[in-house]
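S.K.: Guided by the hints, dock chain X onto chain H, whose structure is given.
There are 2 protein chains.
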Amino acid sequence: MGKIVVDIAMSLDGFISGINVSPQLPMGDQGLRLHDWIFDKKTAIDVNMINEVMETSGAVIVGRHTYDVAIDEAWEGRSPFPMPALVISHYKAQRIVDGFTFVTDGIEEALKQAKTIAGNKNIWIMGGANIIRQFIKAGLVDELEIHLAHILLGKGTRLFDDELTNVVELERIRSIESAAVTHVRFRILK
Amino acid sequence: MGKIVVDIAMSLDGFISGINVSPQLPMGDQGLRLHDWIFDKKTAIDVNMINEVMETSGAVIVGRHTYDVAIDEAWEGRSPFPMPALVISHYKAQRIVDGFTFVTDGIEEALKQAKTIAGNKNIWIMGGANIIRQFIKAGLVDELEIHLAHILLGKGTRLFDDELTNVVELERIRSIESAAVTHVRFRILK
Numbered sequence: 083m084g085k086i087v088v089d090i091a092m093s094l095d096g097f098i099s100g101i102n103v104s105p106q107l108p109m110g111d112q113g114l115r116l117h118d119w120i121f122d123k124k125t126a127i128d129v130n131m132i133n134e135v136m137e138t139s140g141a142v143i144v145g146r147h148t149y150d151v152a153i154d155e156a157w158e159g160r161s162p163f164p165m166p167a168l169v170i171s172h173y174k175a176q177r178i179v180d181g182f183t184f185v186t187d188g189i190e191e192a193l194k195q196a197k198t199i200a201g202n203k204n205i206w207i208m209g210g211a212n213i214i215r216q217f218i219k220a221g222l223v224d225e226l227e228i229h230l231a232h233i234l235l236g237k238g239t240r241l242f243d244d245e246l247t248n249v250v251e252l253e254r255i256r257s258i259e260s261a262a263v264t265h266v267r268f269r270i271l272k
Numbered sequence: 083m084g085k086i087v088v089d090i091a092m093s094l095d096g097f098i099s100g101i102n103v104s105p106q107l108p109m110g111d112q113g114l115r116l117h118d119w120i121f122d123k124k125t126a127i128d129v130n131m132i133n134e135v136m137e138t139s140g141a142v143i144v145g146r147h148t149y150d151v152a153i154d155e156a157w158e159g160r161s162p163f164p165m166p167a168l169v170i171s172h173y174k175a176q177r178i179v180d181g182f183t184f185v186t187d188g189i190e191e192a193l194k195q196a197k198t199i200a201g202n203k204n205i206w207i208m209g210g211a212n213i214i215r216q217f218i219k220a221g222l223v224d225e226l227e228i229h230l231a232h233i234l235l236g237k238g239t240r241l242f243d244d245e246l247t248n249v250v251e252l253e254r255i256r257s258i259e260s261a262a263v264t265h266v267r268f269r270i271l272k
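Residue numbers (the numbering used here), protein chains in the order written: chain H, 83 to 272; chain X, 83 to 272.
Everything labelled a hint here was simulated from the structure, so no lab data went into it. Nothing false has been slipped in among the hints.
The list treats identical chains as one, so a pair stands whether inside a single copy or across any two.
Within a straight-line C-alpha distance of at most 25 Å, the following computed PhoX-like cross-link-like pairs (lysine-lysine) qualify:
no. : residue 1 : residue 2
1   : Lys124    : Lys272
2   : Lys85     : Lys203
3   : Lys272    : Lys219
Extracted from the complex, chain H is given alone in its bound form (with noise of 0.2 Å):
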């Protein structure tokens, strides 16, 4: 089976987009510098770890607050993802992207039709915040991906909040050193 996978970009602040997100703005003000990695400071390296994710991915899991601002409208009513992607809703949105479903019933529900979907693929969980940490609180992430860009966004949302009951630990898996950006890849340790 795959690996329930977190993957994303986070500033060494913490930060993993900027304030004042919005349709219009996605990753907030300042957020886009989080990618420079991918856009204007991409070397090879980077465009490796996009590739990655995309091809081990059989599935992937937003919020419904991400699908809202980043997927909608942003991406003019086709799915950015090569994979099919599940939205973690209280409620159905009115207009759904192709390749999208929501799920209604919580982040459990959610993972068991990524499961079946994603076969022996891996389990992408893209975010927002709120989303990665209720599946770290929950004991479902297998490996952590930061993408640690090298700035201090100064705020924004973070990753991390201050909530969690229990020292999680961690195994560093690999670190790869690019341009703009660390890819530093854990393990969760149960």
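M.R.: Frame of chain H, contents of chain X only:
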């Protein structure tokens, strides 16, 4: 002239100590886990890292809170540092440990005195978080050495807050992999 270097251990979720910091528990609840690489999980690489900061620093700067909880009682009246230490404080302490000098005129005055003491060696900004952030916000830091501990600590004192007004650009100088920690060093671009 030497560089002004922040050198500190931080969990992947951004904490440099646990909650409930006190003279009896200077790193707070579970906070010693940030220093596994110095103690239980120490390797030759980690020893070199510690030796490096000790040997290259000609002066160290700490905040008053750090002095009170981590120095005064914890080290029984002796300094843990092989180099002169400056304490940034609003008022002088009643008891001042040998090797420490109190500076009551703020970070720039402390830096001025540290430069005189350090000569060609570096100045180590040890912490706490508040002092480090003051130096970063004032544009006074040359390099950040982050000992990225392979844990999610879950709660405690964050190194970075939400109050930077501009994105701070970093350049990774090196990344050194050890067992319990990844030592990542950044230059702050100005």
